[in-house]
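Protein chains in written order, with the numbering used here: chain A, 1 to 298; chain B, 1 to 298; chain C, 1 to 298; chain D, 1 to 298; chain E, 1 to 298; chain F, 1 to 298.
If you are wondering where the hints come from, they were derived from the structure by calculation, not from laboratory data. Hints should not be assumed to be uniformly reliable.
No copy is singled out in the list; a pair is fine if it fits within one copy or between any two copies.
The calculated DSSO-like cross-link candidates involving lysine-lysine, where the alpha carbons are at most 27 Å apart (straight line), are [said to hold, decoys possible]:
(1) K50 with K125
(2) K78 with K143
(3) K143 with K125
(4) K32 with K125
(5) K81 with K143
(6) K8 with K50
(7) K221 with K3
(8) K221 with K14
(9) K85 with K143
(10) K15 with K32
(11) K221 with K8
(12) K78 with K50
Small disclaimer: the values here were computed from a predicted structure and weren't measured.
Number of protein chains: 6
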Amino acid sequence: MTKKLANKIFDLQKKTETLIEMLPYVTEFSGKRVLIKVGGEILEDMNSAKSFCQDIILLRALGLQVVLCHGGGPQITKLMKSMNKEAVFVRGQRVTDAETLDLTAMVLLGNINRTLVSLLNTFGKRAVGMSGVDARLFVCRAKDPALGFVGEICSVSARPIMNLLNNNYLPVVASLGMDNEGNNYNINADTAAGELAKAIGAQKLILLTNVEGIYENFEDKSSLISELDEQGLRELLAGGTLAAGMIPKVESILTALSGGVPHAHILDGRIEHAVLLEIFTAEGIGTMVRRGPQTLVD
Amino acid sequence: MTKKLANKIFDLQKKTETLIEMLPYVTEFSGKRVLIKVGGEILEDMNSAKSFCQDIILLRALGLQVVLCHGGGPQITKLMKSMNKEAVFVRGQRVTDAETLDLTAMVLLGNINRTLVSLLNTFGKRAVGMSGVDARLFVCRAKDPALGFVGEICSVSARPIMNLLNNNYLPVVASLGMDNEGNNYNINADTAAGELAKAIGAQKLILLTNVEGIYENFEDKSSLISELDEQGLRELLAGGTLAAGMIPKVESILTALSGGVPHAHILDGRIEHAVLLEIFTAEGIGTMVRRGPQTLVD
Amino acid sequence: MTKKLANKIFDLQKKTETLIEMLPYVTEFSGKRVLIKVGGEILEDMNSAKSFCQDIILLRALGLQVVLCHGGGPQITKLMKSMNKEAVFVRGQRVTDAETLDLTAMVLLGNINRTLVSLLNTFGKRAVGMSGVDARLFVCRAKDPALGFVGEICSVSARPIMNLLNNNYLPVVASLGMDNEGNNYNINADTAAGELAKAIGAQKLILLTNVEGIYENFEDKSSLISELDEQGLRELLAGGTLAAGMIPKVESILTALSGGVPHAHILDGRIEHAVLLEIFTAEGIGTMVRRGPQTLVD
Amino acid sequence: MTKKLANKIFDLQKKTETLIEMLPYVTEFSGKRVLIKVGGEILEDMNSAKSFCQDIILLRALGLQVVLCHGGGPQITKLMKSMNKEAVFVRGQRVTDAETLDLTAMVLLGNINRTLVSLLNTFGKRAVGMSGVDARLFVCRAKDPALGFVGEICSVSARPIMNLLNNNYLPVVASLGMDNEGNNYNINADTAAGELAKAIGAQKLILLTNVEGIYENFEDKSSLISELDEQGLRELLAGGTLAAGMIPKVESILTALSGGVPHAHILDGRIEHAVLLEIFTAEGIGTMVRRGPQTLVD
Amino acid sequence: MTKKLANKIFDLQKKTETLIEMLPYVTEFSGKRVLIKVGGEILEDMNSAKSFCQDIILLRALGLQVVLCHGGGPQITKLMKSMNKEAVFVRGQRVTDAETLDLTAMVLLGNINRTLVSLLNTFGKRAVGMSGVDARLFVCRAKDPALGFVGEICSVSARPIMNLLNNNYLPVVASLGMDNEGNNYNINADTAAGELAKAIGAQKLILLTNVEGIYENFEDKSSLISELDEQGLRELLAGGTLAAGMIPKVESILTALSGGVPHAHILDGRIEHAVLLEIFTAEGIGTMVRRGPQTLVD
Amino acid sequence: MTKKLANKIFDLQKKTETLIEMLPYVTEFSGKRVLIKVGGEILEDMNSAKSFCQDIILLRALGLQVVLCHGGGPQITKLMKSMNKEAVFVRGQRVTDAETLDLTAMVLLGNINRTLVSLLNTFGKRAVGMSGVDARLFVCRAKDPALGFVGEICSVSARPIMNLLNNNYLPVVASLGMDNEGNNYNINADTAAGELAKAIGAQKLILLTNVEGIYENFEDKSSLISELDEQGLRELLAGGTLAAGMIPKVESILTALSGGVPHAHILDGRIEHAVLLEIFTAEGIGTMVRRGPQTLVD
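Use the sequences and the hints to build the structure in full.
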């Protein structure tokens, strides 16, 4: 064997060893369901978005059953501005009138959902977009009459999602819902993700966001919590020190855990390959919340 | 038995006889697939839209497998106007730049598709919206570089639709597609309907429009054609007397017939229960095109 | 559109509205099992018999799973007379010796069952005749040694019926049974119907008879009861005012209700389309017995 | 071991060796379909009938899929006599008017079919009676208008029989049929058996009768033919020396062979265990007809 | 019929009556699982071995699902002698070092298992050899560190065996196992058989050995016990009069019974057709142990 | 984020990029069948053997269906020496008498097959050992009477292997076979691998050996051939310059290619992760033979 060939082989062997290091994780998660929630921010940089989609395709190639759930806050705000539609607030929450709901749905389905599905389908043909209106996935009621078409989930129908997963599709779910009269509602995407993770019996709920994880004290960046259990998270929530934007995420996690999901994660979506790092390395990143108390052997 | 009761029963019996008259059609179409194309106009009057959705639910209750396909011309035009986006034309056809495509997708998915699905799901929970981007249902290429993102269908993937039908769902398909690089395209909804009818082996293709049917001479309303065969339709098309808007419909029908769909219909969607009249009565309405030559016994 | 065509369409629309009125009932009963018991009288007028069979075929076309159960009293009596076979009575009940049983079986299977199946199969090919001897559907013992081969049902085997239903057949069951030694027995057809409705988990038991329903006081035809619950029916039975022929019907209904069948009906089979009127209209006819107490919302 | 025990074991071993001798036949026929036709004579002696039924149950226990087909000539004649119904003949064949057909059906279904099913079900619960009217198993037309309701088979529907076999039931088929208008017909049971053997792809057709087999010359009992092929049988039939009663049997066999059934047998049903002797011993009894020419290695 | 033919038929009828006598047993055991353990002695005489394999094939042809389990004591001892490998004993039990284990595995898999599978496959192609190492069928730990690689079963995985049975294969299992680190162990074959019978829900456990059965007093050959129940067996074991070689057999039986296996048998494998005699005759041979107390009706 | 954490994440990201590079190969081979043949040498160094087994488990985790086939030359020779069994040669080929065959089987099944299965099952529980005797996988005849029990494959039964693969097992096949009389034969493992690859419709046949690949001229190590097509390989074989040990490998490859296997590879098993390098990198190692002519786009 020439020296050059030997070097090439050595280099390739280093790479295959990476694969082998990941083997226990592959084996552990093969066939398991993972619910990953992304915000609309994911699409603000198309290179990141492509890289994220590639990671999702890889997870599926490695045997995981992935469901994506997304909102679209930034894009909705942007569209409303461009149409000179003014935001109205009641008790600090944005009022969603019929026109706002329509614009919201147009952004979520016509822009974000479609773009994610297109990106994913450049690597295959299994991604399928849907919203909670399809097959009455999310049955809702108005959360607060003063807020208009802001929905609270009454029930989740796991069957259409399970049907897609069992036929090897990758569902991409926009956080809209409907009531029995046919009214549609905007739903907080974190909340939708937690409910869906519970309904489909996910093994992991992963919330991608733009902070590193949960901080004991948000001001002190060194107070990032790597791991805590459900009880710890409840105490933290009761403590009142969480950032406002973190509260629906924490509630989503508590919903999922109480419904039997064993692990939930808050990760920084700005880190490239954040999802792969979390699933396929021993250390993980961000904050992990376990359903049960921490034990030495997981 | 009192006279009043006897009258009531007599009245009910008349109604059940209507059912019995329809029995041969129910038996004939039970388990068959029907592709119905509606334009965006269907949503301009919500009462008509509800009535149409109720008809679709009834078809399903009577054992048909229905797939809806829709476009959204009027609503797209309206949104673009409201955003002061000017239309550009090349050789008489509207140019679809990236922004126009985005607005088109927002209308089709966020407004029309979602509204149809919501209406259908007030009667149940089986309607599921999708577009040709989902599961790469419609793989496209640009029809003409000068037109931008106007797509021509290269291939149709029947499997995701068949999966939904086999699991008792009602697919509602928006006429968008994608290419292998992830670009999305607007597709003529009549064309999409014909291709889809062929791909899923539909028994009938029904195009709902706002004329009574095909006229021998469009100016002479008494020249409405009730029935003709594929050969007759080809001759009519070659004759050059068809109205411009009718041409994509005729081409859609020819696609479907050449792909094995035995019957195609052009119906006036403004007539209430047009679809039921066509399927469940002997006479039918509008224009029917048969694949083979006309015979006494069908 | 010509005036004539417009009129035709208007007329057809009225008919389709009948269909739409029936939609909620179609939706409600689709896929549900209904056990319908007819007496031998149904075959005394062949036009009525054909009309009845057509109704049954329609119920199946609309998605119901129908099981027919029948006796054959009048025809048995007639055959015995023609053979100068004298009836013997013990404590007011007819004694069934071996020869009588043989004649009974010949009438039930060779005449009534076969004729019903033939009529049903002029509309298709799914009707299949059987008796409780086939696949040991009804295992019996002698009800009273003095009565000979009059059977009391010990157990019902739902499996052969479910196998037929699941393969889209329409079982037509004659009320005969057998014991473990191979002796055959005549069973009261109302009783058999109630037991079978219970065994297959029917949603409705319908007993067709030649009275309008249950009367509070049989002499007073204005005392017909439209609706009552299980408790009410038990009280009525205990009250001792029921006509003798009504008692096995009431006991059959109580068997079915106690086994989980939610609704049972006694209808006048002489009314044309009685079964359709009951299932597909809001008012219903005859007497309905509910398992639970009457509530505003069913 | 005591001498007595040793003797007992020796005796049992002899018995098990019988089993082992039969092993190749069990292996050969396991899972194969066998159509056995019996005449009404089988029920004239109940001990023989029970023994026959026990043999059938044993065949099933050894893995064969058995279908029984029966007529009922002697019993029909007897019933007609008892009712003083006179037989009318046209060109030597009995005319079957509506009343005769009705009596025929009563005997076949109410007496013979039911009795066979009852006897079989004393050993289990898998026997299911039916006739060619059920599920339109045998679609017929009148063989000769002068003969009335004597049927000629137009088509056989294998599906209802296959459904029963696949669900481990034992179909017992009476030789009646129907036409599209709902008229019923009496069919020659040998003919029905041959058609049914062909339709279900039987491996063997066995016609039980009351002669030893086919004789070269019926008068000379030493001219019994043990084995011949299809060609030989056609020649024999053309030769014109066959007994009249043998002709429908020979035609039935030719139907089955031409439809792909590899072997057909005419056996003497009066010999106890005739069916077992044929299937599970090397020599066989009666006359065997092979589809192909005789070869040394079968 | 000639006298000679009549005699032949009479002779064949006697044979078929043997079959009919066995019918109740065939019916009783059809589709049931039976675990049969043989020692290596079975292969010491190839004629006996062939006869035994033929019996097994017959059991399968008659509808039983058979699993064989075997050890190989005599052959292991012989191989070790031929290699001058000396046996070492600790507290009366043979020490199994790595080399001994390797020789044991070579004998069990390369010689005994393969020979049994080959013999069985001369009658078909369904026998499949395996050991407790395959699919981690038997997970073990060292029974006693001083004994080396002598294994104690920690868990049994029924799934690979059930997969083979459900696909109509005949598993032949050598009594080896492995631990989580990949070490292999020799397991007592009687013990393995009892555990396996329990894991697969066998209807019978049959231990073939070279004594007639269990003796109340081993010295007194007239004290053979035909039948006893679990309680009786426990008392016998506690009584301390059992021969040493019988103890693992008795413990195996107690394992199986406590796991729900209703009957276990110790038979003398030297009696030809011992297994058939046990299963297909009323008297049985050897010793039968019932799970529950003895009752008149089994 | 701390510098240290950022570094850790950067490091992990580099690793996940390795995964992403491999994604196209994972996608390409997911669900495909690969037949890998190893020689007995693989077990001469237990660390290499473990590493090899880990690679196999990884292939399975990444979605490939792997079948292993092995021989055991070196170990057989070693055992025979240790038993002072002398090798006899006829025309340059070793004679396999009954005793030699027995020793061969003991080594192949009791040692090599069991050890490979044990190693694989330390990472899971799906590996299942078998030989061509099981389920008559390889039916053989003697290749040459003078050579004794050296087998030539007459037929391969894919079903038992497909059954294991479909149930997610990993078959490990020793190269033994049997004839219809039950005689066992030693088969060349390369030959067995080629036949098996063809029978199961493998996408790749990989022969691991202890040379780098095929040399144009074995003496000139720089003449290693990276890639050639079937035609090229046939010419090379006809040229007569191949090393003797390479000939059965080349014939095995030609068998597989002619049976539809698109690619075959000869790899140096001494290179760590050789199989992963071949499957999951663009360059590959060793020699690849394509079925069709070389094209730019594969």
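Hint-by-hint comparison with the structure:
| no. | hint | result |
| --- | --- | --- |
| 1 | K50 with K125 | within (15 Å within a copy, 33 Å between copies) |
| 2 | K78 with K143 | within (24 Å within a copy, 31 Å between copies) |
| 3 | K143 with K125 | between (37 Å within a copy, 22 Å between copies) |
| 4 | K32 with K125 | both (21 Å within a copy, 18 Å between copies) |
| 5 | K81 with K143 | within (25 Å within a copy, 34 Å between copies) |
| 6 | K8 with K50 | between (29 Å within a copy, 23 Å between copies) |
| 7 | K221 with K3 | between (49 Å within a copy, 13 Å between copies) |
| 8 | K221 with K14 | between (35 Å within a copy, 25 Å between copies) |
| 9 | K85 with K143 | within (22 Å within a copy, 36 Å between copies) |
| 10 | K15 with K32 | both (26 Å within a copy, 23 Å between copies) |
| 11 | K221 with K8 | between (43 Å within a copy, 17 Å between copies) |
| 12 | K78 with K50 | within (22 Å within a copy, 33 Å between copies) |
This entry satisfies every hint, going by the numbered hints stated previously.
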